[in-house]
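In full-length UniProt numbering, the protein residues as written are 1 to 241.
Please keep in mind that the hints were generated in silico from the structure rather than gathered at the bench. Relax, there's no trap hidden among the hints.
As a list, the in silico DSS-like pairs of lysine-lysine whose alpha-carbon atoms are at most 25 Å apart: (1) Lys206 <-> Lys74; (2) Lys99 <-> Lys168; (3) Lys197 <-> Lys74; (4) Lys99 <-> Lys165.
If you're wondering where the values come from, they're calculated on a predicted model, not measured in any experiment.
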Amino acid sequence: MQYSQSPGNILSIVLSAPYTSGWVGMGFSNDGLMVGSSAMVGWIGRAGKAHIRQFYLRGQSSSQVIVNEGRLEKESWCIAIFGWGVLLPIGAIIARYCKEWDLLWFELHLAFQFAGFLFGLAAVVTGISLYNKIHADVRVHRGIGIFLLVLGILQILAFFVRPDKDSKIRRYWNWYHHWVGRLLLFFSAINIILGIKVGEAGTPWKVGYGFNLTIILLGCIFGEIMLWGRLSKKPVADPPS
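Go ahead and model the full structure; you've got the sequences and the hints to work with.
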């Protein structure tokens, strides 16, 4: 085994062994034992092609070996980005900039927000399942994820207690709904970026979400310009004489 550490504190490890059959593996754990470790296992297939996969070793029996944990991690990223990072922002954009669409804007806003919440909930459940299997030290990412779930539940509950337009408390409900929504979107973006970082995702994930975030921000800027343009064209009522 050979290893080296780069100036950027990146550790590179090369494991080699005489190979005739079977497999060669190396695990990483807190106590130095293979049981409880995240292991990389390599072997030569029947066609002479080399293979390497990631496993989580919960025990010594084959039933306690979790195959390809990275797949579950990528599924969690996809669900989180689609729910928290795509559907919810689109729903918020519709609510702010598309109110000229009569009741259609409200129905679309509701559909996108409910769908975004369901995908966000699935992302949290998948993330908890992943955490329970690999016991990764991602306390900040995990805490923000639970916080987002609480905010999402509050937004769903707010829909069912939404007062009438003529109600005296409607103004306070609007204030609450808008700012909780903005807080949710802000921390969603932070947590997605944090998840990509702690998960050591490759460049395609970073570029992909960066592109998605750029499109959303440009959409918001364009929407604000159009909104203020419409407001400036509205006639101002003359003051009472």
